[in-house]
Amino acid sequence: MSWALADKLKARFPEIELFPRPGQPSHAPEEQKPQEAPPAAPATPAAPAPRRPAHEAPPSYLVPGGVVPREKLLEIARVVATDAGFELPYLSFVSAVDRPEAGEFEVVYHCYSHQSLEELMLKVRIPRDTPTVPSVTSIWDGANWHEREAYDLFGIIFEGHPNLRRIMMTDDWIGHPLRKDYVYQDPTWLVEVAKRRKDEIEGLGLGERA
Amino acid sequence: MALRTEELLLNMGPQHPSTHGVLRLVVTLDGENVIDVQPDIGYLHSSVERMMEYRTYLQNIALVDRGMDYLSAMANEEVWCLATERLAKVEVPERARYIRTIMLELQRISSHLIWLGTFGIDLGAVTAFLWAMRERERIMDLFESATGGRLHHVYFRIGGVYEDLPDGWTERCAEFCEYFLERLPEYDELLTGNPIFLARTQGIGILSQDKAVAMGASGPVARASGIAYDVRKAHPYEVYDRVQFDIPVRQEGDCFARYLVRMEEMRQSVRIIRQCLEALPAGEIRSKVAVTLKVPKGEVYARTESPRGDLGIYLVGDGSDRPYRVKIRAPAFSNLYALTEMMRGWKVADVIAILGSIDIVLSDVDR
Chain R
1 MSWALADKLK ARFPEIELFP RPGQPSHAPE EQKPQEAPPA APATPAAPAP RRPAHEAPPS
61 YLVPGGVVPR EKLLEIARVV ATDAGFELPY LSFVSAVDRP EAGEFEVVYH CYSHQSLEEL
121 MLKVRIPRDT PTVPSVTSIW DGANWHEREA YDLFGIIFEG HPNLRRIMMT DDWIGHPLRK
181 DYVYQDPTWL VEVAKRRKDE IEGLGLGERA
Chain E
211 MALRTEELLL NMGPQHPSTH GVLRLVVTLD GENVIDVQPD IGYLHSSVER MMEYRTYLQN
271 IALVDRGMDY LSAMANEEVW CLATERLAKV EVPERARYIR TIMLELQRIS SHLIWLGTFG
331 IDLGAVTAFL WAMRERERIM DLFESATGGR LHHVYFRIGG VYEDLPDGWT ERCAEFCEYF
391 LERLPEYDEL LTGNPIFLAR TQGIGILSQD KAVAMGASGP VARASGIAYD VRKAHPYEVY
451 DRVQFDIPVR QEGDCFARYL VRMEEMRQSV RIIRQCLEAL PAGEIRSKVA VTLKVPKGEV
511 YARTESPRGD LGIYLVGDGS DRPYRVKIRA PAFSNLYALT EMMRGWKVAD VIAILGSIDI
571 VLSDVDR
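Chains as they are written, first to last, in the numbering used here: chain R, 1 to 210; chain E, 211 to 577.
Quick caveat, the hints were computed from the structure, so don't treat them as lab data.
Glycine included, each C-beta is placed from N, C-alpha and C at the ideal position.
Treat the hints with caution; some may be incorrect.
[As the list claims (entries may be wrong)] Reference listing, derived: stretches of chain E covered by chain R, where coverage requires no fewer than 3 residues with Cβ under 8 Å from a Cβ of chain R: (1) 253-260; (2) 504-517; (3) 536-545.
[Unchecked claim] Calculated pairs, DSS-like style, for lysine-lysine (alpha carbon to alpha carbon, straight line, at most 27 Å): (4) Lys507(E) / Lys180(R); (5) Lys180(R) / Lys504(E); (6) Lys299(E) / Lys421(E).
[Stated by the list, open to error] From chain R, some residues computed to sit far from chain E (all C-beta separations above 10 Å): (7) Asp7; (8) Lys10; (9) Ile16; (10) Pro58; (11) Asp141; (12) Ile157; (13) Met168; (14) Arg197; (15) Glu200.
Between the sequences and the hints, there should be enough to build the whole structure, so can you do that?
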């Protein structure tokens, strides 16, 4: 859990926005409010900090990394994977987080090295209505299935992926189940089968006894 | 006149006995040679990640038990509790950490025994399966007396474990360790030196070290390809930093190397259990945590060494009592992807051996 690598990446690509660190005040405006609380009486220095409800505490990011602009993803990923000083050749996973209130997806990449034991999390924010992001399969081969999974469950389109098909759900599935606004819909063949079965049963005169 | 030849598409599964569940392999064959393999997964997909968003942190313990890898339920509980504890900053008492480590290692042995038995059956050695089940039964009994469950335990809690060990459990566990170490040489006699077994596994299904890293393989599969990496050593959790154990590593990268790595891992697990039993401190087993635990906003990626490999959970909390998003990094998912590389160029009969050697659980792949 060292932020050294994240700092090094920030120095090379200033457009990266690092995650707020534990213990460091966040710069988001709504997080500043608690600090404006009236100062505690100096006579009782041992008084513990008042317990705040969990949802008011500032967010804690326990994985070093940062948010990367979509256009720069491939360039930065290549540096992270291969350049001396970074060399994180192992991609733990690719996934996404749906943020409907912000109207965007966060695509998450976790990079790791077995040698240096360093880790780095890259995030790309993409709008929900045009969810496209370049595929990193040319850099990390292991991203192949993970990107297919994110495509299947979130509907994120990975440009340049060699085989972008659904992997978990069937090909005729409607919608992307991990989106927050997902509602299950019967596929068309199932609707037809159900209708046929209903007609058959009614034809037998079942369910309409006098 | 030239002989007309063409590639043959062979469909294996999803109901094939050697696919260990519901996995479909579409194998492209040229005569007997495998040109390409495309695994078709998703038959067991239950969208655990979505279901977890609707349950509280405590309820999710029961869900990860069965929704993920059902042969190593303890490992799933561990990674879930670890992620939650790190984000919510919950301390785990000493005794609970030792108990957890013992349970995790017992689970590793039991999971490896299932693999050993089914791998033996795949290659025609049915005796190994019966023997492995006999040993595993003892572990199941230990689990049952401590947790009440044999397969799904729901034993770990956020901040500890559910109940203390029953009277005499540690003695029975020590007895098992002794019994199991006596049995292990029998497997060596049955399989390790068996010429048929060697012919089916040695030099078959080679995965190079570079490919293993690039394709995201982990666990015994990666260690058999020369990657000396184990999460228990690299990022110790529970009490793995206080016990002595070795990581078995092989350079060959073939099916036999994967077999040897797992066999040695079982010995090392016994070693860890014995040290934990000796050092097991008295005291609390659970710290006080609210049933409706509210986890602060933030993100964490916890990883553990499950019997199958690098099992991780990426957890996004939003300050409520339910997780906002959970991503399960399943080891078998990535290992199965590496299968496409391992199988290319081998004979169709090797498909079964290679598939058996990577030890997949389809519930872990599909989630």
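Hints, verified against the model:
1. With 4 residues carrying a beta carbon less than 8 Å from a beta carbon of chain R, the stretch 253-260 of chain E meets the three-residue requirement, and the given coverage holds.
2. Given as covered by chain R, the stretch 504-517 of chain E passes the check, having 9 residues with a CB less than 8 Å from a CB of that chain where 3 are the minimum.
3. Counting residues of the stretch 536-545 of chain E whose C-beta lies closer than 8 Å to any C-beta of chain R gives 4; at least three are required, and the coverage claim holds.
4. For the hint pairing Lys507(E) with Lys180(R), the CA-to-CA distance comes to about 18 Å; that is within 27 Å, so the pair holds.
5. For the hint pairing Lys180(R) with Lys504(E), the CA-to-CA distance comes to about 20 Å; that is within 27 Å, so the pair holds.
6. Using a Cα cut-off of 27 Å, the hinted pair Lys299(E) and Lys421(E) is violated, with the two alpha carbons roughly 37 Å apart.
7. Residue-level check passed: Asp7(R) sits 19 Å from the nearest beta carbon of chain E, beyond 10 Å.
8. For Lys10(R), the non-interface assignment is confirmed: its Cβ lies about 18 Å from the closest Cβ of chain E, beyond the 10 Å cut-off.
9. Chain E leaves Ile16(R) outside its interface by the beta-carbon criterion, the shortest separation being 17 Å against a cut-off of 10 Å.
10. For Pro58(R), the condition that its CB be more than 10 Å from all CB atoms of chain E is violated, with the nearest at approximately 7 Å.
11. Taking the minimum C-beta to C-beta distance to chain E, about 4 Å, the non-interface status of Asp141(R) is violated against the 10 Å cut.
12. The claim that Ile157(R) is not at the interface with chain E holds, since no C-beta of that chain comes within 10 Å of its own (minimum 19 Å).
13. Here Met168(R) does not stay apart from chain E, with its beta-carbon only about 4 Å from theirs, under the 10 Å limit.
14. Non-interface status of Arg197(R) relative to chain E is upheld: no Cβ of that chain comes within 10 Å, the nearest being about 24 Å off.
15. In this structure Glu200(R) is separated from chain E by more than 10 Å, as the shortest Cβ-Cβ distance comes to about 29 Å.
In summary, the numbered hints that this structure violates are 6, 10, 11, 13.
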